[in-house]
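Please take these sequences and the hints and turn them into a complete structure.
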Amino acid sequence: MARPRAFDPKEALDQILSQFWAGGYHATSLQDLERVTGLKKQSLYREFGNKDAMFAAALGLYGDREMAVISEILQSQDTPQARISALFDAILAPVHHGDRRGCFLCNTAIEHAPDDPEVQAYTAAGIAATKELFAQALSLTPNAEAKTEADARRLTSGYFGIRVMVRGGVPLPELQATAEALVAGIKS
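Numbering (the working numbering), first residue to last: 1 to 188.
Read the hints as simulated data drawn from the structure, not as lab findings. The structure presented is a predicted model; accordingly, all values stated were derived computationally and were not measured. Glycine residues also receive a C-beta, built at the ideal position from the N, C-alpha and C atoms. Among these hints, one or two may not hold up.
To be verified - Straight-line C-alpha distance at most 27 Å; calculated DSS-like pairs for lysine-lysine:
{"hint": "1", "residue 1": "K51", "residue 2": "K10"}
{"hint": "2", "residue 1": "K187", "residue 2": "K147"}
{"hint": "3", "residue 1": "K51", "residue 2": "K41"}
{"hint": "4", "residue 1": "K10", "residue 2": "K41"}
Claimed, not checked - Computed spacing ranges between beta-carbons, pair by pair:
{"hint": "5", "residue 1": "Q31", "residue 2": "E72", "range": "13 to 23 Å"}
{"hint": "6", "residue 1": "G185", "residue 2": "G38", "range": "43 to 53 Å"}
{"hint": "7", "residue 1": "M67", "residue 2": "Q120", "range": "11 to 21 Å"}
{"hint": "8", "residue 1": "L172", "residue 2": "E72", "range": "22 to 32 Å"}
{"hint": "9", "residue 1": "L140", "residue 2": "L30", "range": "43 to 53 Å"}
{"hint": "10", "residue 1": "Q42", "residue 2": "S139", "range": "49 to 59 Å"}
{"hint": "11", "residue 1": "S18", "residue 2": "P171", "range": "17 to 27 Å"}
{"hint": "12", "residue 1": "G23", "residue 2": "G60", "range": "12 to 22 Å"}
{"hint": "13", "residue 1": "E180", "residue 2": "D99", "range": "17 to 27 Å"}
{"hint": "14", "residue 1": "K10", "residue 2": "P173", "range": "14 to 24 Å"}
Right, here's the structure in full:
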C-alpha cells in the first residue's frame with residue numbers, strides 16, 4: 001500500500017511559483033526548489049516532473065490566476081476608463097509595499113522565451129489573451145468597433161511595459177503617470 005502524501009501539492013506549487021517568479025528560470029536551482037518547498041528532489045520529480053515541468057506548471061498557475069484577476073477587475077467598473085484605471089491601480093498596488101517582482105509572464109518572456117519555443121508560445125498566448133480582455137473592456141465605448149482594436153493593442157503594450165518598468169525599479173510616481181496617460185488616451 002502506498003504511503004499518503006505528507007505535503008500539499010497545491011501549496012508546493014505555490015512555493016515553486018514564488019521561487020521562479022523571484023529568481024527566474026535560469027537562476028533557480030533544484031536546491032532552491034527543495035529549500036522553498038521543504039521537499040526532496042525525488043518528491044518534487046514524482047509530483048511535478050523535472051525542472052522544466054515544474055516551471056511550466058508554475059507559469060500555468062500564474063497565468064490562470066492573472067487572467068482571472070484581470071478579467072474580474074475589467075468587469076468591475078461602469079466605464080472603460082474606470083475599468084482600465086482600476087486594473088493599473090491593482091498592478092501598482094504591490095509596489096506600495098516594496099514588491100518589485102513585476103509580472104512573471106513578462107519576466108519569463110524576457111528571460112526564457114527566446115530559448116524555448118514552448119515558453120515563447122505560452123507567453124505569446126498570454127499577451128494575446130490580455131489584449132482580448134482589454135478589447136472586451138473597451139467594447140462599451142460609442143463607436144467601439146473602430147477604436148477597440150487599436151486601443152486594446154496600445155493598452156496591452158502599456159500594461160506589459162509598466163509591468164517591466166516595475167521590475168526595473170522605475171519610481172512609483174513615474175509608473176502612476178504612465179498609467180494615467182494610458183487611461184487618458186482612451187477615447188470615449
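Structure-based check of each hint:
As the CA atoms of K51 and K10 are separated by approximately 17 Å, the hinted pair is consistent with the 27 Å bound. In summary, the hint linking K187 to K147 is supported, as the alpha carbons are separated by about 8 Å, within the 27 Å threshold. Our distance criterion of 27 Å between C-alpha atoms is met by K51 and K41, whose separation comes to about 10 Å. In summary, the hint linking K10 to K41 is supported, as the alpha carbons are separated by about 17 Å, within the 27 Å threshold.
Under the hint 13 to 23 Å, the C-beta atoms of Q31 and E72, about 37 Å apart, miss the expected range. Between G185 and G38 the C-beta distance comes to about 48 Å, which sits within the given range of 43 to 53 Å. At roughly 18 Å, the beta-carbon separation of M67 and Q120 lies within the given 11 to 21 Å, and the hint holds. Checked against the hint of 22 to 32 Å, the C-beta distance between L172 and E72 comes to roughly 24 Å, which is consistent with it.
For the pair L140 and L30, the supplied restraint of 43 to 53 Å holds, since their beta-carbon distance comes to about 48 Å. The hinted window of 49 to 59 Å between Q42 and S139 holds, with their beta carbons roughly 50 Å apart. A beta carbon spacing of about 25 Å between S18 and P171 agrees with the range 17 to 27 Å that was offered as a hint. For the pair G23 and G60, the supplied restraint of 12 to 22 Å holds, since their beta-carbon distance comes to about 18 Å.
Taken as a hint, the range 17 to 27 Å holds for the pair E180 and D99, whose Cβ atoms sit roughly 21 Å apart. For K10 and P173, the hinted distance range of 14 to 24 Å is not satisfied, since their beta carbons lie about 38 Å from each other.
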